[in-house]
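Protein chains in written order, with this note's numbering: chain A, 1 to 481; chain B, 1 to 481.
Keep in mind that the hints were calculated from the coordinates and are not lab data. Treat the hints with caution; some may be incorrect.
[To be verified] Just the calculated beta-carbon pair ranges, DEER-fashion: (1) Leu300(A) <-> Leu59(B): 55 to 61 Å; (2) Leu310(B) <-> Thr320(A): 21 to 27 Å; (3) Lys108(A) <-> Asp184(B): 54 to 60 Å; (4) Glu261(A) <-> Thr54(B): 35 to 41 Å.
Yeah, the Cβ is synthetic: ideal placement off N, Cα and C, and Gly gets one too.
This is what each chain is made of:
2 protein chains.
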Amino acid sequence: MKRTKIKDILNTTDFGQEINIQGWVRTFRNNQFIAINDGSSINNVQVVVDFLNTDDALLKRVTTGAAVSVTGTLVESLGKGQRVELKVKTLEILGDSDPEKYPLQPKKHSLEFLREIAHLRFRTTTFNAVFKIRHALAFAIHKFFNDKGFVYMHTPIITGSDAEGAGEMFRVSTIDFDKVPRNDDGTVNYKEDFFGKSTNLTVSGQLEGELAAMAFGEIYTFGPTFRAENSNTTRHLAEFWMIEPEMAFCNLQDNMDMAEELLKYVVRYALDHCGDELEFLSTRLLEEEKQKPANDRSELDLVTKLNFCLDNDFVRITYTEAIEILKNSKPNQKKQFKYLIDEWGADLQSEHERFLVEKHFKKPVILTDYPADIKSFYMRQNEPDETGRRTVAAMDILFPGIGEIVGGSQREERLDKLEQRMYEMHIPVEEMSWFLDTRRFGSAPHAGFGLGFERLVLFVTGMTNIRDVIAFPRTPNNAEF
Amino acid sequence: MKRTKIKDILNTTDFGQEINIQGWVRTFRNNQFIAINDGSSINNVQVVVDFLNTDDALLKRVTTGAAVSVTGTLVESLGKGQRVELKVKTLEILGDSDPEKYPLQPKKHSLEFLREIAHLRFRTTTFNAVFKIRHALAFAIHKFFNDKGFVYMHTPIITGSDAEGAGEMFRVSTIDFDKVPRNDDGTVNYKEDFFGKSTNLTVSGQLEGELAAMAFGEIYTFGPTFRAENSNTTRHLAEFWMIEPEMAFCNLQDNMDMAEELLKYVVRYALDHCGDELEFLSTRLLEEEKQKPANDRSELDLVTKLNFCLDNDFVRITYTEAIEILKNSKPNQKKQFKYLIDEWGADLQSEHERFLVEKHFKKPVILTDYPADIKSFYMRQNEPDETGRRTVAAMDILFPGIGEIVGGSQREERLDKLEQRMYEMHIPVEEMSWFLDTRRFGSAPHAGFGLGFERLVLFVTGMTNIRDVIAFPRTPNNAEF
Numbered sequence: 001m002k003r004t005k006i007k008d009i010l011n012t013t014d015f016g017q018e019i020n021i022q023g024w025v026r027t028f029r030n031n032q033f034i035a036i037n038d039g040s041s042i043n044n045v046q047v048v049v050d051f052l053n054t055d056d057a058l059l060k061r062v063t064t065g066a067a068v069s070v071t072g073t074l075v076e077s078l079g080k081g082q083r084v085e086l087k088v089k090t091l092e093i094l095g096d097s098d099p100e101k102y103p104l105q106p107k108k109h110s111l112e113f114l115r116e117i118a119h120l121r122f123r124t125t126t127f128n129a130v131f132k133i134r135h136a137l138a139f140a141i142h143k144f145f146n147d148k149g150f151v152y153m154h155t156p157i158i159t160g161s162d163a164e165g166a167g168e169m170f171r172v173s174t175i176d177f178d179k180v181p182r183n184d185d186g187t188v189n190y191k192e193d194f195f196g197k198s199t200n201l202t203v204s205g206q207l208e209g210e211l212a213a214m215a216f217g218e219i220y221t222f223g224p225t226f227r228a229e230n231s232n233t234t235r236h237l238a239e240f241w242m243i244e245p246e247m248a249f250c251n252l253q254d255n256m257d258m259a260e261e262l263l264k265y266v267v268r269y270a271l272d273h274c275g276d277e278l279e280f281l282s283t284r285l286l287e288e289e290k291q292k293p294a295n296d297r298s299e300l301d302l303v304t305k306l307n308f309c310l311d312n313d314f315v316r317i318t319y320t321e322a323i324e325i326l327k328n329s330k331p332n333q334k335k336q337f338k339y340l341i342d343e344w345g346a347d348l349q350s351e352h353e354r355f356l357v358e359k360h361f362k363k364p365v366i367l368t369d370y371p372a373d374i375k376s377f378y379m380r381q382n383e384p385d386e387t388g389r390r391t392v393a394a395m396d397i398l399f400p401g402i403g404e405i406v407g408g409s410q411r412e413e414r415l416d417k418l419e420q421r422m423y424e425m426h427i428p429v430e431e432m433s434w435f436l437d438t439r440r441f442g443s444a445p446h447a448g449f450g451l452g453f454e455r456l457v458l459f460v461t462g463m464t465n466i467r468d469v470i471a472f473p474r475t476p477n478n479a480e481f
Numbered sequence: 001m002k003r004t005k006i007k008d009i010l011n012t013t014d015f016g017q018e019i020n021i022q023g024w025v026r027t028f029r030n031n032q033f034i035a036i037n038d039g040s041s042i043n044n045v046q047v048v049v050d051f052l053n054t055d056d057a058l059l060k061r062v063t064t065g066a067a068v069s070v071t072g073t074l075v076e077s078l079g080k081g082q083r084v085e086l087k088v089k090t091l092e093i094l095g096d097s098d099p100e101k102y103p104l105q106p107k108k109h110s111l112e113f114l115r116e117i118a119h120l121r122f123r124t125t126t127f128n129a130v131f132k133i134r135h136a137l138a139f140a141i142h143k144f145f146n147d148k149g150f151v152y153m154h155t156p157i158i159t160g161s162d163a164e165g166a167g168e169m170f171r172v173s174t175i176d177f178d179k180v181p182r183n184d185d186g187t188v189n190y191k192e193d194f195f196g197k198s199t200n201l202t203v204s205g206q207l208e209g210e211l212a213a214m215a216f217g218e219i220y221t222f223g224p225t226f227r228a229e230n231s232n233t234t235r236h237l238a239e240f241w242m243i244e245p246e247m248a249f250c251n252l253q254d255n256m257d258m259a260e261e262l263l264k265y266v267v268r269y270a271l272d273h274c275g276d277e278l279e280f281l282s283t284r285l286l287e288e289e290k291q292k293p294a295n296d297r298s299e300l301d302l303v304t305k306l307n308f309c310l311d312n313d314f315v316r317i318t319y320t321e322a323i324e325i326l327k328n329s330k331p332n333q334k335k336q337f338k339y340l341i342d343e344w345g346a347d348l349q350s351e352h353e354r355f356l357v358e359k360h361f362k363k364p365v366i367l368t369d370y371p372a373d374i375k376s377f378y379m380r381q382n383e384p385d386e387t388g389r390r391t392v393a394a395m396d397i398l399f400p401g402i403g404e405i406v407g408g409s410q411r412e413e414r415l416d417k418l419e420q421r422m423y424e425m426h427i428p429v430e431e432m433s434w435f436l437d438t439r440r441f442g443s444a445p446h447a448g449f450g451l452g453f454e455r456l457v458l459f460v461t462g463m464t465n466i467r468d469v470i471a472f473p474r475t476p477n478n479a480e481f
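Could you put the whole structure together from the sequences, leaning on the hints where they help?
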């Protein structure tokens, strides 16, 4: 008999049919009621055993984590908490689970403990919910761009270009540490390396994305990116996934509109498709928050927070306006910020971003037109303002509890201005000739942004540590599994 | 005025409206007809200039590759080859393209030349078509699995596990070649490396995928994988994308059914969504084939070949049956194979696979039950046959012109048999304890396969070199852009 997925029977009213289910035991109560989960839903189905007529040795093997195959009749449940249950005809143990050894017993485990057994944590309801939502968000992103006619580009993971300066990079090499080939001057001879040059893991697909946008009009990437930074925080990973759309014939305004539309689309998609999961995580979060002092608790529950993000336009202000707000803010006046804001040009810290979003506006905020000196070389240079300050057409989207979730800009499409900026910032212009070709031949206004996928999943799931929203997190001193 | 995409006006009959388009000049004929492409379609729109009333200096700047913004009225075209054209009101050059320097002039360029300028080749009709189809195939894969309830897993790219043995690996490190930290015995002290251990780029997400399948039931991966092999062929890349579904409660038969269904679904999707692109590539291929001797030409044109793959069940035979066919085949008898097949146990070479698919069966073929000794440790061990031969429940799908496009197996779910095989094959059992936990706790029959994405794109586009179906190919001595 072909197995039926538990997801497909939980809401049925088609009682009396004989079906087979296969899954893992979550709990076994009163020698009679087995809760079984097969991963298709965060909810279990209840299976009722006729224990008087079942071999005791078999019943003993019905332990948490054991894999079972059950054939039986689907009946209306008289118990609380479920609509249907399965009256067992045959019960088979596919794989045992020794209760003395299985680490996931039916009790509350801390997220820290579960991180240690990341290979098993998918079997908990919390992580089933988190990864179902992660899946839904990934699919929603592909659907959003596909429906709009964007082309999905796989930009290279291994890159010979080190000009982007977005952060420290990992080297990719086949050179043996014990036999490093050397040039006459003693430097490493990368001609002997696999690619005949020094190569690294990509920090962003943007530059290659621009090449494609200047042919297809609108493209996006969705792939892994890397930072070899020694950041042990709840918001940083050495390996994370990023979405980077790039659009020709597009200015900063269009860029912000697209990013806001995307974020609202995917949050709406999660609300529409992951109701059970979000409800479960919302309850989980409320319980977690109860441990915190009243002051630190969120004012909104998870689902309300998500809806709130849909129902409000994101606030759009310039960096210059933000600095004014921060300068005059209470925490700045009272010297409660760790980094006090006293002048234009300061880079904003997480504490400032969170103040703007969570205290001042209480809404997602898009900050635009940052000082040129704290942003990348490829961002489009604005006309200097009346006081001569130089800014670029950048935009960062700040989210409650997350901080920066999107960073983007209109790109500098004017060859002379771009080259001049590259010289100023010591970017090797010669090596980037391929990139500059987009400005030499048929240049046009274009813009794009990067969305950190794990930060999006953090926001939507309400989880608080980024290591809990990616399957096998890579962080300093940690590359397990 | 908001720009209209060319894709959206090519089939309109809503004449008389004033619109703006922005794109790149493909050709400019008779000082009057500009063919413009904006990447949204492989087809251009014709723009008609009133050259008597247009500044000559402006017209001179209308060169191949220049970016333009054109506002005008959409009218029915009286010329051949298009339904609509745009009568120009205003024409603006957004970005020039010096005809003396722009490498992509309106003439036929060789694929080899275009590979040298991979950053510009997207601007040709051929590569627009190839990458539109690549996009459509990627989306179809996500849609196929999403609709079936599979969970998309991002398995790690950087891995500390080197036990898979699927091929040579790239090392990922932040250790400086000039300051390699050493242990007392002179070996490299990887504790000083970023992850506190030696790490590599993944060759497959399967092992991690199995962990997830044993919780969610059905999962898939779609991500980059790497081989540091010095293979300079038309079918190998150092960096390529792979799709790896993994299914609990699934045997070899179910696995083959799923793979065949997936392949047919995505080919059907391309036929339904990329008609123009496939027609263009089909014509292109026919012209290319005319250069070949009559014997070497394909018997089927591209679209017919794709439909043929949909209309026929894949042939399913065992390795043992295949060996019998090959042993008795003409090329083996006449010693035309480079590697003659004389006994059971031989690994099949590309020439054998192609003979089976292209000459003998003239259909996609699934080979099953390979000798254990030429397959991986994790494949499920069959009962030895009457002569004591040991085989595993593997399956490879062979496609015309491509060879192996899918490789999969039922996995060995029995802990004792798996451990025994690992010892035999010198796989470090201790280090793989996390993997073995799936067999210790709630083990169940499960199966999966890997689909090489670029090989799929090769098949569907009819391109013949794998470097022409990925944006920026990585091969030995080549990591440009």
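Structure-based check of all given hints:
no. : hint                                : verdict
1   : Leu300(A) <-> Leu59(B): 55 to 61 Å  : 60 Å, holds
2   : Leu310(B) <-> Thr320(A): 21 to 27 Å : 60 Å, violated
3   : Lys108(A) <-> Asp184(B): 54 to 60 Å : 45 Å, violated
4   : Glu261(A) <-> Thr54(B): 35 to 41 Å  : 38 Å, holds
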